[in-house]
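*Asks:* The lines below spell out each chain.
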Amino acid sequence: MTFLPKSQLPPLLRAIHDPPRRLYLRGDGGSELLALTAVAVVGARACSPYGAQVARMLGRDLAAAGVVVVSGLARGVDGEAHRGALQADGHTVAVLGCGIDRDYPAAHAGLARQICERSLIVSEYEPGVEPLAWRFPARNRIIAGLCAATIVVEARERSGSLITADFALEEGREVFAVPGEITSSLSAGTNALLRLGATPLTCGGDVLESLGIAPAAKRPETGHPLLELMPATADELARRSGLGAAELAAQLAALELDGLTSEADGIYRALAP
Amino acid sequence: MLARAITFALVGLEPRRVEVEAHVQSGVPAFTLVGLVDRACQEAKQRVRSGIKSSELEWPGNKSTVNLAPAELKKEGSGFDLPIALALLAASGQVPRDRLAEHASYGELALDGRLRRVGGVFAVAEGARRAGLERLVCALDACAEAALAGVEPVGVRHLAEAVAYLRGELEPPEWVPSNGRARRPPLDLADVRGQERARRALELAAAGRHNMLFGGPPGIGKTMLARRLPGILPPLDDDVALEVTRIHSVAGLVDPEHPLIGYPPFRAPHHSASTAAIVGGGPKLRPGEASLAHHGVLLHDELAEFQRPALEALRQPLEDGEILVARAAGSVRFPARFQLIGTMNLCPCGARGDPGAQCSCSAQRITRYRDRLSRALLDRFDIVVTVPRPRASELQAAGGEGSDAVRTRVLSARLRLADAPPARTPAADVLLTRAVDRLRLSGRGRAKVASVARTIAALAEAGEVLPEHIAEALAYRAPPGLAT
Numbered sequence: 001m002t003f004l005p006k007s008q009l010p011p012l013l014r015a016i017h018d019p020p021r022r023l024y025l026r027g028d029g030g031s032e033l034l035a036l037t038a039v040a041v042v043g044a045r046a047c048s049p050y051g052a053q054v055a056r057m058l059g060r061d062l063a064a065a066g067v068v069v070v071s072g073l074a075r076g077v078d079g080e081a082h083r084g085a086l087q088a089d090g091h092t093v094a095v096l097g098c099g100i101d102r103d104y105p106a107a108h109a110g111l112a113r114q115i116c117e118r119s120l121i122v123s124e125y126e127p128g129v130e131p132l133a134w135r136f137p138a139r140n141r142i143i144a145g146l147c148a149a150t151i152v153v154e155a156r157e158r159s160g161s162l163i164t165a166d167f168a169l170e171e172g173r174e175v176f177a178v179p180g181e182i183t184s185s186l187s188a189g190t191n192a193l194l195r196l197g198a199t200p201l202t203c204g205g206d207v208l209e210s211l212g213i214a215p216a217a218k219r220p221e222t223g224h225p226l227l228e229l230m231p232a233t234a235d236e237l238a239r240r241s242g243l244g245a246a247e248l249a250a251q252l253a254a255l256e257l258d259g260l261t262s263e264a265d266g267i268y269r270a271l272a273p
Numbered sequence: 274m275l276a277r278a279i280t281f282a283l284v285g286l287e288p289r290r291v292e293v294e295a296h297v298q299s300g301v302p303a304f305t306l307v308g309l310v311d312r313a314c315q316e317a318k319q320r321v322r323s324g325i326k327s328s329e330l331e332w333p334g335n336k337s338t339v340n341l342a343p344a345e346l347k348k349e350g351s352g353f354d355l356p357i358a359l360a361l362l363a364a365s366g367q368v369p370r371d372r373l374a375e376h377a378s379y380g381e382l383a384l385d386g387r388l389r390r391v392g393g394v395f396a397v398a399e400g401a402r403r404a405g406l407e408r409l410v411c412a413l414d415a416c417a418e419a420a421l422a423g424v425e426p427v428g429v430r431h432l433a434e435a436v437a438y439l440r441g442e443l444e445p446p447e448w449v450p451s452n453g454r455a456r457r458p459p460l461d462l463a464d465v466r467g468q469e470r471a472r473r474a475l476e477l478a479a480a481g482r483h484n485m486l487f488g489g490p491p492g493i494g495k496t497m498l499a500r501r502l503p504g505i506l507p508p509l510d511d512d513v514a515l516e517v518t519r520i521h522s523v524a525g526l527v528d529p530e531h532p533l534i535g536y537p538p539f540r541a542p543h544h545s546a547s548t549a550a551i552v553g554g555g556p557k558l559r560p561g562e563a564s565l566a567h568h569g570v571l572l573h574d575e576l577a578e579f580q581r582p583a584l585e586a587l588r589q590p591l592e593d594g595e596i597l598v599a600r601a602a603g604s605v606r607f608p609a610r611f612q613l614i615g616t617m618n619l620c621p622c623g624a625r626g627d628p629g630a631q632c633s634c635s636a637q638r639i640t641r642y643r644d645r646l647s648r649a650l651l652d653r654f655d656i657v658v659t660v661p662r663p664r665a666s667e668l669q670a671a672g673g674e675g676s677d678a679v680r681t682r683v684l685s686a687r688l689r690l691a692d693a694p695p696a697r698t699p700a701a702d703v704l705l706t707r708a709v710d711r712l713r714l715s716g717r718g719r720a721k722v723a724s725v726a727r728t729i730a731a732l733a734e735a736g737e738v739l740p741e742h743i744a745e746a747l748a749y750r751a752p753p754g755l756a757t
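Residue numbers (my numbering), protein chains in the order written: chain F, 1 to 273; chain Z, 274 to 757.
One or more of the hints may lead you astray.
What the hints assert, rightly or not - Distance ranges between label pairs, derived from CB positions: (1) D593/Z / Q87/F: 36 to 42 Å; (2) G110/F / L346/Z: 51 to 57 Å; (3) A649/Z / L36/F: 39 to 45 Å; (4) L36/F / R707/Z: 29 to 35 Å; (5) A700/Z / R113/F: 50 to 56 Å; (6) L36/F / Q580/Z: 50 to 56 Å; (7) G492/Z / E181/F: 22 to 28 Å; (8) L346/Z / A106/F: 51 to 57 Å; (9) E32/F / A700/Z: 40 to 46 Å; (10) P225/F / P491/Z: 30 to 36 Å; (11) D593/Z / T183/F: 26 to 32 Å.
Keep in mind the hints are simulated off the structure, nothing from the lab.
Built from N, CA and C at the ideal position, the CB exists for glycine as well.
Pulled out of the complex, with its shape left as it was, chain F reads as follows (with noise of 0.2 Å):
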């Protein structure tokens, strides 16, 4: 484990207003990580399972940009940002809201294990700190100050995303928020960011074109006619497919297989390529 002094901070956090005095590092993806393009992916932990399937696309293709996604490692959002820029062989980082050496929350040790394989998990806090209410809205701006932008993908009302949001356009960063069902509460803290002027983000690629970074090259294989009528469940697919119960089941496990599609709650959703 090795930390940062002030001075060795990456340019973009130690340009925001309140610096952590230290930063501490996990993981073997090395301190150089840091200075790359990062973009904050954050959000609701208890998401939908439409915020989920959107987190994970978003730190795939993220990722597979180059970009560097950073998240909270919380559950919902956070952790499906993270694990879709694991998919995507690329590079991720989890700032903590405790000491460096814990894995919080305890249910994504193994995510934890994993990010640190190839990335890197950091913290102003040193060993042994608990995680405490107000350290959160703290990591909040270390999260922002990491990044160029920053994007909400699904906040209620008064969401700790929402203070992530606050410090990203405090110092002048890019704020994206995906659009919500109005009658979602899950999606009324983006809806009321887009509606403050926050860019509504349909894809990843809207992103990527803000800071001037192609998308990685498309996969060849896109357009199975089940995609298009994703989001389903199994058996409205069928009926609207004409295929049977066995076929579409084999060819639904095949998509799942190119990452194409996820299922969540007996839905199948296309995810984008």
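With the hints as your guide, set chain Z onto chain F.
*Replies:* For chain Z alone, coordinates are given in the frame of chain F:
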């Protein structure tokens, strides 16, 4: 005077020969019952006395002692009434002793001397046959059950009839031998509309005897589907049917008219059930729901609401196909090779998976809810299907295929799996390996996919497991949020 009657006591499902010895001697009138008898059995004294008097027979007014030997074997229940009465009557010279010794007898007496059927007749009759006794005196409505075990039943309605028969004064009343099997419950798959994936999973579970878990919001027909599984299972072979009948007989659950359980039994214990109620045991060492579902289906509706110990206790029978209930006095084996079907909501409030409702559960609550099931138990479900709420348009669709057609396919797939189980082609192997890597399947997860794929191939009448069969099997694995 001394006389003896033969009957059988049950230890678990096993009949043990018991000699009921009656000794009548002069002395102060008294009636003593000895030989490690339980309460129901001790009460036999009152029933026997009043039964004998109601039959206008003579109560041996002297000092009479009845001993149930061997004395170290615990005797339970009321089936000893009849042999006790007959032994007393023989000891007092009212029934020929030699003739009594050629018969086994079993049944409960009513106070007016009528004979009542009790559970376990089948096992007792089996014991009689093994002990070389050809005839069993029992209640008339227990005859069909006794005859299944290969003894000649002597069905009587009343103690007086039993006595008259033993004296040679009366032929026992005719009973109509019934070869009819117990009826299949009339639940047909044709009642289910839509739910194509769940139907397909049900068919696979039936063909491959896979344990299956249905997840989904309440009210979408998970239970309705699960209840229709027995209807698409093939009938039981005769020797298996007898095995199942023995268990149901001991539990007193056999239909007197059609005693043979010829179809896979279906048991659905309520989620408040105790461990002993599910795996068997308790003070009387009775078979539990898991054994009653032997060669059939055990439905655990609302799986996550069951008490954890009661669920974990299922792991042994799921692995070994039997339950070993150990007591200080000895242990008993109950066969329990059942197919476990579980249903559960996706979250405690039930709204998850329902597009028309918003789930209000926090991530922690959902985790806690799902954590009620151990990984080890979830691991034993080969097929996990999430059933989302169907749209209204699907409910207007015509009813699906009926159970008879599905059952025919299931039967031929089972034969195929038994005769020549299909092996994986190299291409299927490649796909399976890729899936293990991409989806991070455990060793057991891989084995489950391979086994479900074999069933799929058999249902498709394919000689080999092809890649598409592996792919379909992958669709029925547990979602990462639930288990491996």
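*Asks:* Indicate, hint by hint, whether the structure satisfies it.
*Replies:* Taking the hints in turn, this is what the structure says about them:
no.	hint	verdict
1	D593/Z / Q87/F: 36 to 42 Å	40 Å, holds
2	G110/F / L346/Z: 51 to 57 Å	55 Å, holds
3	A649/Z / L36/F: 39 to 45 Å	43 Å, holds
4	L36/F / R707/Z: 29 to 35 Å	31 Å, holds
5	A700/Z / R113/F: 50 to 56 Å	34 Å, violated
6	L36/F / Q580/Z: 50 to 56 Å	53 Å, holds
7	G492/Z / E181/F: 22 to 28 Å	23 Å, holds
8	L346/Z / A106/F: 51 to 57 Å	54 Å, holds
9	E32/F / A700/Z: 40 to 46 Å	44 Å, holds
10	P225/F / P491/Z: 30 to 36 Å	33 Å, holds
11	D593/Z / T183/F: 26 to 32 Å	52 Å, violated
Violated hints, listed in ascending order, are 5, 11; each of the other numbered hints is respected by the structure.
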